[in-house]
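Asks: One letter stands for each residue in the lines below.
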Amino acid sequence: MQNENLVQISFFNQLMLVHPRKKQNERSEASVQVSEYFVNAEGTGDKVNLSDLLGTVEKTSGASNKTKKQLRNLQSSKETLELPLNKQQTEKIQRGIAYEKTTAEVSCWKNIILQNQKAEQMVFPLNQESSGPKRVEQVVAGWKVQTPLEQEIFRLLHGSRQPVNDPVLTPVEEQSLKAMSLEEAKIRRAELQKARALQSYYEAKAKREKKIKSKKYHKVQNKAKRKDFLKQFDEMVKTNPEGALEELKKMELSRMEERMSLKHQNSGKWAKSKAIMAKYDDSARKAMQEQLQMNKDLTQKMVVPSDDEHESIEEGLETVPDFVNDPETVIDPVNPWMRGQLTHEEPEVSCVTAEEVQTAEEENEEEEIIGEFERKRKLRQADEEDLIPTEEEQEEEDEEEDVSEFNTLFRLMRSEKTREGSNQTRGGLNTAGEEDEEGLLSEGQIRVRSIEDLEVLDEVVEPRAIEEPSAPQTAAAEATSEPPHKKKREINLKEVLTKEAKAVRLPFLPTVVDEEERDEQISIIKEAFAGDDVISDFIKDKSRQEAAGRPAVVDLTLPGWGEWGGVGLKPPRWKRKRFRIKTAPPPPRQDQKLPDVIISEKRTASVASHQVSQLPFPFQNTAQFESSIRTPIGSTWNTQTVVKNMTKPKVVTKLGAIIEPMVKEDFIKSYYTLVTLKKYCYISCLCSWYCGVAC
Amino acid sequence: MKVKVLCRNPDDYVRETTRDIQRVPRNYDPTLHPFEVPREYTRALNATKLERVFAKPFVASLDGHRDGISCITKHAKSLSTIISGACDGEVKVWNLPRQECLRTVQAHEGFVRGICSRFCGTSFFTVGDDKTIKQWNWEAPGYGVREEPINTILGKAVFTGIDHHQREGTFVTCGQTVDIWDEQRSSPIRSFSWGVDSFSCVRYNPVETELLASCASDRSVVLYDTRESAPLRKVLPFMTNEITLCFSLYTYDIRHLDVPVTVHMDHVSAVLDVDYSPTGREFVSASFDKTIRIFPKDKGHSREVYHTKRMQHVICVRWSADNKYVLSGSDEMNIRLWKANASEKLGLLSAREKAATHYNKKLIEKFQHHPQVRRIARHRHLPGDILKQKRELREMREARRRKEQNVRKHSKPGSVPLLTEKEKHVVAVVE
Numbered sequence: 001m002q003n004e005n006l007v008q009i010s011f012f013n014q015l016m017l018v019h020p021r022k023k024q025n026e027r028s029e030a031s032v033q034v035s036e037y038f039v040n041a042e043g044t045g046d047k048v049n050l051s052d053l054l055g056t057v058e059k060t061s062g063a064s065n066k067t068k069k070q071l072r073n074l075q076s077s078k079e080t081l082e083l084p085l086n087k088q089q090t091e092k093i094q095r096g097i098a099y100e101k102t103t104a105e106v107s108c109w110k111n112i113i114l115q116n117q118k119a120e121q122m123v124f125p126l127n128q129e130s131s132g133p134k135r136v137e138q139v140v141a142g143w144k145v146q147t148p149l150e151q152e153i154f155r156l157l158h159g160s161r162q163p164v165n166d167p168v169l170t171p172v173e174e175q176s177l178k179a180m181s182l183e184e185a186k187i188r189r190a191e192l193q194k195a196r197a198l199q200s201y202y203e204a205k206a207k208r209e210k211k212i213k214s215k216k217y218h219k220v221q222n223k224a225k226r227k228d229f230l231k232q233f234d235e236m237v238k239t240n241p242e243g244a245l246e247e248l249k250k251m252e253l254s255r256m257e258e259r260m261s262l263k264h265q266n267s268g269k270w271a272k273s274k275a276i277m278a279k280y281d282d283s284a285r286k287a288m289q290e291q292l293q294m295n296k297d298l299t300q301k302m303v304v305p306s307d308d309e310h311e312s313i314e315e316g317l318e319t320v321p322d323f324v325n326d327p328e329t330v331i332d333p334v335n336p337w338m339r340g341q342l343t344h345e346e347p348e349v350s351c352v353t354a355e356e357v358q359t360a361e362e363e364n365e366e367e368e369i370i371g372e373f374e375r376k377r378k379l380r381q382a383d384e385e386d387l388i389p390t391e392e393e394q395e396e397e398d399e400e401e402d403v404s405e406f407n408t409l410f411r412l413m414r415s416e417k418t419r420e421g422s423n424q425t426r427g428g429l430n431t432a433g434e435e436d437e438e439g440l441l442s443e444g445q446i447r448v449r450s451i452e453d454l455e456v457l458d459e460v461v462e463p464r465a466i467e468e469p470s471a472p473q474t475a476a477a478e479a480t481s482e483p484p485h486k487k488k489r490e491i492n493l494k495e496v497l498t499k500e501a502k503a504v505r506l507p508f509l510p511t512v513v514d515e516e517e518r519d520e521q522i523s524i525i526k527e528a529f530a531g532d533d534v535i536s537d538f539i540k541d542k543s544r545q546e547a548a549g550r551p552a553v554v555d556l557t558l559p560g561w562g563e564w565g566g567v568g569l570k571p572p573r574w575k576r577k578r579f580r581i582k583t584a585p586p587p588p589r590q591d592q593k594l595p596d597v598i599i600s601e602k603r604t605a606s607v608a609s610h611q612v613s614q615l616p617f618p619f620q621n622t623a624q625f626e627s628s629i630r631t632p633i634g635s636t637w638n639t640q641t642v643v644k645n646m647t648k649p650k651v652v653t654k655l656g657a658i659i660e661p662m663v664k665e666d667f668i669k670s671y672y673t674l675v676t677l678k679k680y681c682y683i684s685c686l687c688s689w690y691c692g693v694a695c
Numbered sequence: 001m002k003v004k005v006l007c008r009n010p011d012d013y014v015r016e017t018t019r020d021i022q023r024v025p026r027n028y029d030p031t032l033h034p035f036e037v038p039r040e041y042t043r044a045l046n047a048t049k050l051e052r053v054f055a056k057p058f059v060a061s062l063d064g065h066r067d068g069i070s071c072i073t074k075h076a077k078s079l080s081t082i083i084s085g086a087c088d089g090e091v092k093v094w095n096l097p098r099q100e101c102l103r104t105v106q107a108h109e110g111f112v113r114g115i116c117s118r119f120c121g122t123s124f125f126t127v128g129d130d131k132t133i134k135q136w137n138w139e140a141p142g143y144g145v146r147e148e149p150i151n152t153i154l155g156k157a158v159f160t161g162i163d164h165h166q167r168e169g170t171f172v173t174c175g176q177t178v179d180i181w182d183e184q185r186s187s188p189i190r191s192f193s194w195g196v197d198s199f200s201c202v203r204y205n206p207v208e209t210e211l212l213a214s215c216a217s218d219r220s221v222v223l224y225d226t227r228e229s230a231p232l233r234k235v236l237p238f239m240t241n242e243i244t245l246c247f248s249l250y251t252y253d254i255r256h257l258d259v260p261v262t263v264h265m266d267h268v269s270a271v272l273d274v275d276y277s278p279t280g281r282e283f284v285s286a287s288f289d290k291t292i293r294i295f296p297k298d299k300g301h302s303r304e305v306y307h308t309k310r311m312q313h314v315i316c317v318r319w320s321a322d323n324k325y326v327l328s329g330s331d332e333m334n335i336r337l338w339k340a341n342a343s344e345k346l347g348l349l350s351a352r353e354k355a356a357t358h359y360n361k362k363l364i365e366k367f368q369h370h371p372q373v374r375r376i377a378r379h380r381h382l383p384g385d386i387l388k389q390k391r392e393l394r395e396m397r398e399a400r401r402r403k404e405q406n407v408r409k410h411s412k413p414g415s416v417p418l419l420t421e422k423e424k425h426v427v428a429v430v431e
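Each protein sequence line maps, in turn, to chains E and R.
So the first sequence is residues 1 to 695, counted in the UniProt record's numbering.
So the second sequence is residues 1 to 431, counted in the UniProt record's numbering.
A couple of the hints might just be wrong.
Covered stretches of chain E (in silico footprint by chain R; criterion: 3 or more residues with CB under 8 angstroms from a CB of chain R, positions within the stretch not fixed) [to be verified]:
1) 90 to 100
2) 626 to 634
3) 639 to 650
No wet-lab data here; the hints were simulated from the structure.
Predicted model, so just to flag it, every value in this text is computed and none were measured.
Glycine included, C-beta positions come from ideal geometry on N, C-alpha and C.
The shape of chain R in the complex, shown without the other chains (with noise of 0.2 angstroms):
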């Protein structure tokens, strides 16, 4: 005789610890749970409702400046420190966990002007309005030794930038003109300049690490290479990703510089810094109008703006190493540090949390298009001034399409071309 008997699996129905939840069997056949749309539809508003209830980027404010921040640099190989500095000339490193100062330089007379860390860690460099360059070690000296630069080399002009080289023993500066130094001379190896125009900001690429780019007062974006005698070419209207007075941002291809690839508007007043994401989808940029916001780089306009009441005209802005967070200096002599992504929750989380975290995120992703979650998910609070400015800023660009169009009505057919907002921007490409 048969006997036939139901045999199931503990496995299947059994917790491993008490604590665990318990395990529900599902049967998955679609016609026990119906109405799968309309139900993701009600999770996704729940969970964009909530994403914009848990956005609360404001980590810390680093106090103990008595200046304006003019410059915040990150450490090479450690995520917890940051050096920065201020307008009086005064250094500071900071140590981000335990937000606080661990260690104050004076190290020039008048601003300071740029900073930069070596490679390895272990030293970084300044640079003033006191025409010096200055390398300091990392260590903070013992109890009781005066603070003093590893390296100093006395220059001709005032330095306005300074970067480092990726992983050799060279650095960049720029003033009058854009100098390559090798750190064991008190000479440049290599100067480079194209016309008479003072340079503000220089910057190694940091993949092709031969390459590197400037920016003049003429609002030129120059483009060298450290191993040609030349520059490669000069794109004159405005800066890659830097500012223009239509405040906005413009994303170069080195390889066709006669049209921006992505133009980046939001800001309502000049453009100070900007900084990649680590993960280079993302940038992030400081305002004069009190904000800074986070663009994705194909996108050209901002996912994020964050501000506060009492931050001033942000001067610099840097991504944290590890794609975690955000640092702002501003004008009223405080660091800032803000989370990249405003509702994510810090710390370990749990698989459990994990995955729901991913699905909320791919709900409001699959959902983006529908007006009630676009709507909840775009909405942001910003200060009324800028608020009216944006709005001044909307008149404005909004007057200009209308004359355009009638200009264009009342002309001979193609003589007034249609431009798109890249190709608007572009003045000349200088070879």
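So here's chain E without its partners, still in its complex pose (with noise of 0.2 angstroms):
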């Protein structure tokens, strides 16, 4: 504005006063200072002042009432600006704000430090490739095709789209990893290590079971398993009618080696034998026609069972009528010959036939010697504990959980047993079978939880005690309504205290014996040392060293100093108060609660030389160093890889390698990078592993 107005006057001046001929155009620029020659625009060396403009300003009526006011405001202010500040001072101020960078830039490596120095091995140099085997991609990404030969390769590689070069992962496990969050993957994992438990624990089961050398057992439990499958194959029939006919596949195999073999003819050695003793002997008769029902079952040719699943097979290839199958899937329940036949009705009649009976019947025989297993068991575990009652509790519970989990399964099945019987059925035993169930998803535990259930378990356990009264076996009676306390027991110590104490009802004889010899061994040691006291002699010795160690009164007492002396005369009670001096008691002998031990602690020279006299720096307190010089770490006591790890250097470094300095890029960065590398490595785990189940 100010210049404006500046030229505006200077050409004005020009034009109307020195030269009016002059043409506008001679100037290009407008100047107070170009016309040298000629022009002298008047107040060309004056300072314009604030003022003079502003007066033009108030009375133009372009000019905004903003400017105005700015400039009335620049008019009326005094003060002048600020010096800058001196060199010294500036450059303190850029030399503080360049170490603040600094220092914030050094920061970053804090981390990286930190897991250095609390690294247990450094390997320098730092970064190195590992010298073990490389993947294939990473040999060839430096690697170019030369032969023909090379070249095939090269293009069957590319077909079957391996990557070569950079990208590592396969198509598919790229999928793969797309596919699967890391919170997925962990589920999945958490499930698959459960499945793996459940799975090793059947399998220690089965273990178990297959040692149990009782054959009568075993009988019982293939029966019992048989059944299971029949009335499981009825519910497949409904549900899972693929399934069904797999099973029906497998059945027919079953039935064709049955056929082929000898197994169950009458031809065995064993067959014979009991063929001889079938005269006389009632067991073996039955033995034998049990192994005949065997066979027939066996080779029985198998009848599908239902309709609709047979139809459902049948429609699908051909149409038969219906009325076809109706002969063969009408089943005699008397007839013996069909028996092996898949009776599916069986399970919902009501009504009681008299072969129902009959295997109701043998279902209480089962359950009867299943119960004399589990006392008999008892009465072993028991008879154990009175022998060894300083056994860890630990292997203790072990056994028993074992056991009881055993004992669970064998109520579980009774209890389906007598539903399916119907006869006995109580609605408290009921419930507890249901619990049962339930318990063995969860690892086979009961707990009781109110004193009704206590009373129902007596009640369950109560028939087979009345059955055979001698003392012992009451006692296992008891033992086997243990189980219920014994999963308590883990919380509570005091169970165990009191089932100890019932346990020692038994009696024990070994122990019998061990006390006879030794009372034996004493009187022998008597007879051989009867001259020579050296018990009284040790007890002497001992008391002679306590009372060496214990410290002696000091006696100051002067008689006759401060009052009447003479013979016969004691010093004043004041006088002897306060003149002997006792000292403080020392710490307890080390030996004061052992009775037949002296332990010197007379400090020994030649030892104490060798001895730490003052808690080392890092320690906290002697315990802590002790525990340090405790543990051996020599291979005469650690086996071989405990010992390499335990005498792993802290630093390493490479015979003839340079150690570079780190390089800042590739360190910050990488350790970045490392966090996700690691979530990517445990990924690719996953997937080989996952792979390898699949597999």
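Join these two chains into a complex; the hints should help.
Replies: Here it is as structure tokens:
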């Protein structure tokens, strides 16, 4: 604005006053200084004051009020600008800022330094390529094909879409990576872990059961299994016809095998012997019959039991009328030839047939057998407990857990059977059975929740207990009712004690024998050392040493000092009190509570020179330090791998390798990528693991 | 009928070759191996004694210079090559395994003040008293060809030190000012000065490659960032890991310059040079008291002291890039090669040897606080005069401490504060 005004003024002057004829285009630039020869504008040397301009601005209508106001303010203010800071101060500020920046930059190493300090072992040079076998992709990356053979191989490799260069994952792997998030993978892994645990548990159980030598037990087991299978099959027919078909095929296969073999024929050694015995022995006859029955059962041709299932398969292939199957599906329950068939109506039948009564009886027998097993086991266990009372609790618990699981399984079976039989069903027992079923899933633990439950359990046990009223077996019967208590035992220690107290009732012979032996020995020793009294000598010696260790009372009383003296005068009480000095008692002797040991507490100089007198720096108490010394690291006491781990040096350098300083870009970046890389590794591990599982 | 048979896997008892030792099946039952602590203690004592017996650190001496060694530098890419500069301006290139001089160059008139190797290992720079910076090729010229530098820069003042950037073509020199040079130019691209003092030494940080530090003649250490136009900060008292009148070394944290992290005391005379081990866990210092000492970076006292009868004032010291050796150059014209771990066996070790050494080391570490073990492990032979000086110094320190105690006792409580060794040494931090 000022300039414009200025230009205007000077221009006007030039035009009007000096050279009216001068043309405008002669000067391209308006300036006060330019007209050196002929133009001498008025007021060129003068300064233009703000007030001069302000007057014209006030008059012009174009200027905004705001600018006018600002100009007026400017005119009124008298302050000058501040001086800039001197050089020293500016530099100081600059240095301060730069230093802060550098400090922040340097601080980004903190994590890496900490990590390296805490690292159990540092291997230099850092960032070294692993010397182990490399992946094909890494090797191939820096290699070019040359010979035609190589080219061909390369083409083949590319054909299979195997990634050669940077993306190390195959498309399939990438897809799998995308498909599964970390969370999902975790969940899946947890599931698999659980499944594996369960599997191992069942395997262990199977092994245990397999070890049982009793044939009777296995027979019962097999029978139960078969029955169970049949039931399952029936259900399968309804729910999963394809699965049922497969089962059917399996059955067919077993039938074929049976037909081929002579296993259940009467030609075996055992069968022959039984045949001889059969005349006189009822059980042998029974066994023979059973075997034959088995053969018949197995060689019986399977008939598809349910109509709709049959339809569903047949209809797809060819349309055959329903009645074709009818004669086959009709089942005579009494006909022993047809017994191998799938009698799916059986469980549903509410009325009790003759056969069923029989089976129920059989089941009762089985129950008894099982109960007997249990009792025997309990007895043996109780015996063991008596014999070895110092056995560690954990082991016991483990054993008991196993047994109790076994028991629960049996009880479960039993309860199911009683339900089937429907003769002896009791409400309480049923509920108990249901509870058992729930318990089986969660590792077969039964918890007694109320007194009623306890009573129910007692009731269950009682009838068996009454059958054989001898003393040890009642104890065992009590023991059979124990499992719920035992579950509690894990929490309550007192239960353990009471239980043990009960178990003591049984006679224990071996310990008695032990005592006798000991008595003998003692008497022999007494005879041998009849002459010299070693024990009293020892006791005397010990008491002498104890007395020597005790601080003596120092008597500093001077008789006759400050009072009457003479023969027969005792120093007064105050004096004795004041001048008899008692030192503080020493710490209790180490052998204080060991009657037959003397531990010398003298500090031996020869040993002291090897002992640590002060607690060394990083340790906080003596116990810590002692424990650090106590653990041996040598191969005499530890296995090779442990020794290797324990004697690992902190810094390892490679012979003849130059150790370069860290490169910041690599390390700071790699530090951040490390986290993600770890995640990736984890996932890829999971993937491979899955594949293994799937295969 | 079941027949039970003892079955053994031959892998458990048959050795692989006839030269192998017999396999001994072991039973680790602790009751069979009693007295583990006393037995291990005995082993530890023996290991300590053997360590001292085998402590023979001196490897070789390289002689050939005709004046005191003023500086040594390692080759950036080769472990076997070093260069040394002497006080008569001669520069020698050495081959360490063969212990011979490969090449001799009369580089400067007067002292060779500093040498540094380029990061790629193709050339090296020297500065001398004749105000020049010279760049030399690592390759020796052919037969009959004169030794000539690739490049010579004539400066305005004497240069006292030089160091090269870790990854770029720039280097830094010090003298009157600290100058940063581009290899392609004949004038410095930047120069720093703070006050009028001259600088004696300058070093790049090998990791934070843009940071550098210099020692000035007024006992101060100045920090720089090459990206900034001004120096960062100055610590006035003593220098980072450098000498003081009380002959200690100081380790500072760049971020907290007001108090040293550690004060390393053991030398009885001025410290002239320092070099860190490439692992960064230890450093070696050369002293005017004719010894070199190795300090752990976070310990106040040295773990090792090296000296020989003929070694005079040690001017310069370097730690080899594979962390195995230490090189020292001294006044009496010799370069000496020492083992960094005095009792370490050189060369390849068999697996059993390695396991045994690791076990012994661990044992010594485990029982290090036991007086007998400590006594043997700490024992070093020192020349008589150094021992005497050490005693003198200890007496002086004790007297000072006693006096301080007395002053504290007789003045108002709290007016004479109890200072730690670290706090005693800082004078001022200049921003």
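Asks: So, for every hint listed, does it hold in this structure?
Replies: Here is what the structure says about each hint:
no. : hint       : verdict
1   : 90 to 100  : holds (count 7)
2   : 626 to 634 : holds (count 6)
3   : 639 to 650 : holds (count 7)
When the structure is compared with the earlier hints, no violation turns up for any of them.
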